[in-house]
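Fit chains B and C to the given chain A structure using the hints.
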Amino acid sequence: MKIARRPFLALGALAALGLVGVPAFADQATDKMQTEKAAQAVDTAKFKKDGPYKIGVSAGYLSNSWVVFALQHVRWEASKHPEITDVIVTDAAFNPAKQVADIEDLLRQNISLLIYWPVDDNAIADVLKRAVAAGIPTVQAGGGFTDNEGTVSNAYISQWQLGEKVARQLMADLGGKGKIVAMLPIAGTTAAVDQLDALQTVLKEFPDVELVSTEYGDWNRAKAKQITENLLQRFPKIDGVFSPAGQMSIGVAEAFDEAGRLTEVIMSPGDEYNGWLKWVAQHKQGGAVTFPTRAGQEAVKIGVDILKGNGVTRGTAVPSIYIAPADIGKYVDEKAPDDWWASELPADFLPKQ
Amino acid sequence: MTALSAYRTDATLHLAARYAIFVVLILVYGLAILVSEAFLQPSYLFNVLRQVAPIGIAAIGVTFVMIVGGVDLSVGAVISLTSVLCAVQMNGDAGNLPLAVIVACAAGILIGTLNGLACALTRVSPFILTLGAGIAVLGLTQIYSGGTARGIVSPGFREFFNYRIFATVPVLALAFLGLAALGLIVQKTTLFGRRLYLIGSNRSAARLAGLPVARTIVLAYALSGFFGALAGIALLARSGVSNTLSGQGLEFQVLAAIVLGGTTFEGGRGGIAGTVAGVLVLVIAFNLVNISGLPYHMQLVVMGVIIILASAVHGGLNARTG
Amino acid sequence: MALKHRTEKCAAVFGQSDAQSKWLRPARTDVETVGIWALLAAAGLAAAIAIPAFRDPANLANILRQASVLGIIAIGQTFVIAAGMIDLSVGMIAGLVVVLSCLILGGDPSLTLAVVPMMLVLGATIGLLNGILVNRLNLHPLILTFGMLSILQGVIFTITDRSVGRASPFLQWLANGEIAGIPVSALLLLVLAGLAQLVFTRTRFGYHLVAAGGNAESARRAGVNVRAVRLACFVISGAFAGLAGLLLAGRLGTGYPLAGTGLELDSIVAVVLGGTALAGGRGSVVRSIGGVVALAIISNVLNLLEVSAFVQMFAKGMIVIIAILLNQPRRA
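Chains A, B and C supply the protein sequences, listed in that same order. Residues in the first sequence are numbered from 0 upward in steps of one, following numbering that gives the first Met the number 0. Residues in the second sequence are numbered from 0 upward in steps of one, following numbering that gives the first Met the number 0. Residues in the third sequence are numbered from 0 upward in steps of one, following numbering that gives the first Met the number 0.
Be aware that a few hints might be false.
Per the computed footprint, the stretches of chain A lying under chain C, defined by three or more beta-carbons under 8 angstroms from a beta-carbon of chain C, are [as the list claims (entries may be wrong)]:
1. 117 to 124
2. 333 to 347
Below are the SDA-like pairs computed for lysine to any residue, each with C-alpha atoms no more than 25 angstroms apart in a straight line [to be verified]:
3. 329(A) x 91(B)
4. 128(A) x 310(C)
5. 48(A) x 27(A)
6. 334(A) x 61(C)
7. 203(A) x 257(A)
8. 277(A) x 238(A)
9. 351(A) x 291(B)
10. 334(A) x 347(A)
11. 329(A) x 265(A)
12. 351(A) x 305(C)
13. 48(A) x 305(C)
14. 307(A) x 44(A)
15. 300(A) x 350(A)
16. 277(A) x 91(B)
17. 334(A) x 100(B)
18. 128(A) x 61(C)
19. 178(A) x 291(B)
20. 351(A) x 88(B)
21. 236(A) x 200(A)
22. 236(A) x 91(B)
23. 334(A) x 91(B)
24. 53(A) x 32(C)
25. 329(A) x 136(C)
26. 334(A) x 101(B)
27. 178(A) x 221(A)
28. 334(A) x 145(B)
29. 351(A) x 310(C)
30. 351(A) x 94(B)
31. 178(A) x 294(B)
32. 283(A) x 294(B)
33. 283(A) x 101(B)
34. 53(A) x 265(A)
35. 176(A) x 262(A)
36. 236(A) x 39(B)
37. 351(A) x 90(B)
Just a few of them, taken from the derived set where beta-carbon distance is under 8 angstroms, the chain B residues facing chain A [stated by the list, open to error]:
38. 4
39. 7
40. 41
Calculated from the structure, these hints are not laboratory results. C-beta: ideal position from N, C-alpha, C; glycine also.
Looking at chain A on its own, in the form it has when it is part of the complex (with noise of 0.2 angstroms):
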């Protein structure tokens, strides 16, 4: 129940990676189209412009700690090139209305570039032409591929074959049978649309494996926990848990753990999520795949060659990659929060602690 939010399950709103849009839903088949789009040239001719360049980010939401890191990866790139002189930041707060009408204050204000993510995909879809018609490039950086006319290149990270990744390391620590459960993060969200159907489609190829629950922790520890706990009530055995979000991973492992049901169940990897990091060192289980906070560099970067008149094409994959649960040391920073995400980022880029 949740009012602005909610009422205030809107709430639930508040704390997602919401990436909504048609076309960055992906199933098996989409997700290969994309791959194949991502590839096809850009013609940056019309967008060549000569230093200085402002760069305009319009951030669908601030409000958690993975947006806050793509976006210190975007102010890091920016600083590294000496022709960028300014970084102007809108924060829509998850209001797709509000969005639109960010877009359009910068682009009053002559920004040379805009980065982007987006509260809602289609809500944007017409101001981000109107961006690209009057001559400024558009580049969305860390949710699915966007196929649209107004949205220049992609720095993206393709969700399916994130949950695709996770389901097969997940199966094959099951070895190949059992009874799993699937923690996602808000319904109809990309995230949780393409994880859940590369899970499904992994599924097929185990016929003895069962998908009893898929339920929706909203990316909320503390209501994964909650969940779980009463799943744990419906289901006398589960044999392991689909949940590619670390976060939402330790509130589920947690609830097992004080079930005392710990021992008799497999984690699937997370990402790198700083507090999962601690929880796979400390029990070595689980591991990572990765939800690179380094999306919001790549963005820039492509903005970059595009405004220089170098060749891009429609979208860059910043790919996921696994990291073994014996190797979670290289990643894992005890001393760190653990709302926090593994990444390159130099000291004074890092957000406050």
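Positioned in the frame of chain A, the structure of chains B and C alone reads:
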């Protein structure tokens, strides 16, 4: 109908009205047991209590404010702020724990006092004032945190609160019950508690009677801020991270629980016991819907219906007794 | 004349002397009525002088465009609040309309002519439901509309969990288009606000509404049908929320399920900023629009000043606090 039986019916209805929420609680609990036998297991029930600890603790404080005729919509933001402050102060070091708790509580009390002063000394609407205060505090929290959940919880902090006494009762659940009992004692036995009801019923009469109206109101809001801080600490214990958005929106769940429990916006009636019952109704409803395996969107609908029905039963009983 | 008779009867109950001429007298000039205009003028002037980008007609047009959705909701909310109640379900009503209209129009944009009245009726019907439940179940409007909000959100998610459909070109023109440089949505808002203000101040219904909000019991004794007034207010609020939803659909271009989130609280803030007291008993639609525009200007200015969203949130809260501290009701 003879006079005696009419009197008896009336008296029964009066009793029912006062304890309406408890009737609702029993009904909802009964429904829950039908849906799943998990609700008969003590360890599960205490889990449920633990889940609701942050909302419940915050609701205790806000109840004081509502008895005196006000409302506190900033409590969600206070929870967010105090959880971040507490986590940052702790900085992963057990030695910092006392200071962290003190800092968090001080922040809550400060915000509450400011709210109270504004509401007591001016004629502004507490609804909008605390709404605005909540937005401002949330902004402060986000500025302070930079968007991430800063801070590292002290080792042992979460373990202490999640430790189960007799292998069933989590300390956090006990803490919630303890604070509720404390609130109940304050409400029923102290002069402050009685003044709350008097001022809530008729502020001008209370003022004319010489009661320290302004002071009582400020104290009520300060208590609300204090309990909000405790709720923030409870949230930190439960989730382990000071998610800056974790408190947001809770204020309306708190409000729903309190109003369900019989404390109204007009003030002068209701109390902590009803609030605790209201909180339990809400959390049992959420879990009953979740554990029954209903799809996500149905859960929202059912929650809304339960709130309306529970309020209606309550309102109906109250209306009949006038 | 019936109106005159009723007016005098009410006046006798409320103890107002010379009620009729007061009824026809121009508005009073005190902080409550003038405050919001002072705020608006100050904010607008300061912005125009300090920030060149603000003065750009395209920017001003944008501000009006951005304010119109909230403005329409605020009109309905003013009726409800002046009647002593509150409506928290308007955001989700708008959201439901956004999803449904885009769903239908995505299939066939030419259905716009049918869809518009349909959505208005839908909004009004939900409002009717709200009103009936408040009257029959004797519920506090806050709790009832809060529960309704949750139910509506569940209904929206039952229909879809992701953005669907597409708004028709007409709706998009309504939301984004211009006539002679002025946004269509702003003109629509102006007309509606004017009509609503007339209903509010010049009709028997408006007078009864304010009476019911000020003191329901006295109003009832004076012959005002309080239950009917409350019902009507919720219907109006629902219908306006439906209209706002259509406009929002046009603005977004797509049926985003969470589109209406937060609109109800923003509308309440705008109404109170405009000087309408939450206790009910008085209010002004025009001043609520002033509140909406003030909020839009402040948001725009902060964006142009590149103030971070976190600081903007803090500023918004402080503005609300300061505005109501300055704008206190004259009687408790």
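Hint-by-hint comparison with the structure:
Figure legend: the stretch 117 to 124 of chain A, annotated as covered by chain C; annotation consistent (6 residues with Cβ-Cβ distances under 8 angstroms, at least 3 required). For the stretch 333 to 347 of chain A, the stated coverage by chain C is not satisfied: 0 residues place a CB nearer than 8 angstroms to a CB of that chain, which falls below the threshold of 3. At most 25 angstroms may separate the alpha-carbon atoms for a hinted pair to count; residue 329(A) and residue 91(B) meet this at roughly 21 angstroms. Of the supplied pair hints, the one linking residue 128(A) and residue 310(C) is violated, its CA atoms being roughly 30 angstroms apart against a limit of 25 angstroms.
Between residue 48(A) and residue 27(A) the CA atoms are separated by roughly 38 angstroms; this puts the pair beyond 25 angstroms, and the hint is violated. Taken as a hint, the residue 334(A) and residue 61(C) pair is broken in the structure, with Cα atoms around 47 angstroms apart against an allowance of 25 angstroms. Between the alpha carbons of residue 203(A) and residue 257(A) the distance comes to roughly 32 angstroms, so the proposed pair goes past 25 angstroms and is violated. Distance check on the hinted pair: residue 277(A) and residue 238(A) sit about 22 angstroms apart at the alpha-carbon level, within 25 angstroms; holds.
Taken as a hint, the residue 351(A) and residue 291(B) pair is broken in the structure, with Cα atoms around 42 angstroms apart against an allowance of 25 angstroms. With a CA separation close to 17 angstroms, the supplied pair residue 334(A) and residue 347(A) stays within the 25 angstroms bound. This hinted pair checks out: residue 329(A) and residue 265(A) have alpha carbons roughly 22 angstroms apart, not beyond 25 angstroms. Pair hint residue 351(A) plus residue 305(C) holds up; C-alpha atoms about 20 angstroms apart against a cutoff of 25 angstroms.
Restraint check: the Cα-Cα separation between residue 48(A) and residue 305(C) comes to about 24 angstroms, which is no more than 25 angstroms; the hinted pair holds. Restraint check: the Cα-Cα separation between residue 307(A) and residue 44(A) comes to about 9 angstroms, which is no more than 25 angstroms; the hinted pair holds. For the suggested pair residue 300(A) and residue 350(A), the alpha carbons sit about 21 angstroms apart, so the restraint of at most 25 angstroms is met. A threshold of 25 angstroms between alpha carbons decides the hint, and for residue 277(A) with residue 91(B) the separation of about 13 angstroms falls inside it, so the pair holds.
Restraint check for residue 334(A) and residue 100(B): satisfied, since their Cα atoms lie roughly 21 angstroms apart, inside the 25 angstroms limit. A distance of roughly 17 angstroms separates the Cα atoms of residue 128(A) and residue 61(C); the hinted pair therefore holds under the 25 angstroms criterion. Distance restraint check for residue 178(A) and residue 291(B): the Cα-Cα separation of roughly 19 angstroms lies within the 25 angstroms cut-off, and the hinted pair is therefore satisfied. Distance hint between residue 351(A) and residue 88(B) is fulfilled; the C-alpha atoms sit about 14 angstroms from each other, no more than 25 angstroms.
With a C-alpha separation of about 23 angstroms, the suggested pair residue 236(A) and residue 200(A) falls inside the 25 angstroms cut-off, and the hint holds. Of the supplied pair hints, the one linking residue 236(A) and residue 91(B) is violated, its CA atoms being roughly 35 angstroms apart against a limit of 25 angstroms. Straight-line distance between C-alpha atoms of residue 334(A) and residue 91(B) comes to about 8 angstroms, which keeps the hinted pair within the 25 angstroms bound. With a CA separation close to 44 angstroms, the supplied pair residue 53(A) and residue 32(C) exceeds the 25 angstroms bound.
Between residue 329(A) and residue 136(C) the CA atoms are separated by roughly 62 angstroms; this puts the pair beyond 25 angstroms, and the hint is violated. Restraint check for residue 334(A) and residue 101(B): satisfied, since their Cα atoms lie roughly 23 angstroms apart, inside the 25 angstroms limit. Annotation: proposed proximity of residue 178(A) to residue 221(A) holds, straight-line Cα distance about 23 angstroms (limit 25 angstroms). Simply put, residue 334(A) and residue 145(B) have alpha-carbon atoms about 18 angstroms apart, close enough for the 25 angstroms limit, and the pair holds.
Between residue 351(A) and residue 310(C), the direct Cα distance comes to roughly 16 angstroms. Compliance with the 25 angstroms bound is thereby established for this hinted pair. At roughly 22 angstroms between alpha-carbon atoms, residue 351(A) and residue 94(B) fall within 25 angstroms of each other, so this suggested pair holds. Of the supplied pair hints, the one linking residue 178(A) and residue 294(B) holds, its CA atoms being roughly 20 angstroms apart against a limit of 25 angstroms. Between residue 283(A) and residue 294(B), the direct Cα distance comes to roughly 34 angstroms. Violation of the 25 angstroms bound is thereby established for this hinted pair.
Using a Cα cut-off of 25 angstroms, the hinted pair residue 283(A) and residue 101(B) is violated, with the two alpha carbons roughly 36 angstroms apart. Restraint check for residue 53(A) and residue 265(A): not satisfied, since their Cα atoms lie roughly 48 angstroms apart, outside the 25 angstroms limit. With a CA separation close to 16 angstroms, the supplied pair residue 176(A) and residue 262(A) stays within the 25 angstroms bound. Distance check on the hinted pair: residue 236(A) and residue 39(B) sit about 20 angstroms apart at the alpha-carbon level, within 25 angstroms; holds.
Distance hint between residue 351(A) and residue 90(B) is fulfilled; the C-alpha atoms sit about 13 angstroms from each other, no more than 25 angstroms. For residue 4(B), the interface hint is violated, since its Cβ never comes within 8 angstroms of a Cβ in chain A; the closest pair sits about 42 angstroms apart. Taken as an interface hint, residue 7(B) does not check out: its beta carbon lies about 39 angstroms from the nearest beta carbon of chain A, beyond 8 angstroms. Hint on residue 41(B) is violated. Least Cβ distance to chain A is approximately 13 angstroms, over the 8 angstroms limit.
Of the hints listed earlier, those the structure fails to meet are numbers 2, 4, 5, 6, 7, 9, 22, 24, 25, 32, 33, 34, 38, 39 and 40, in rising order.
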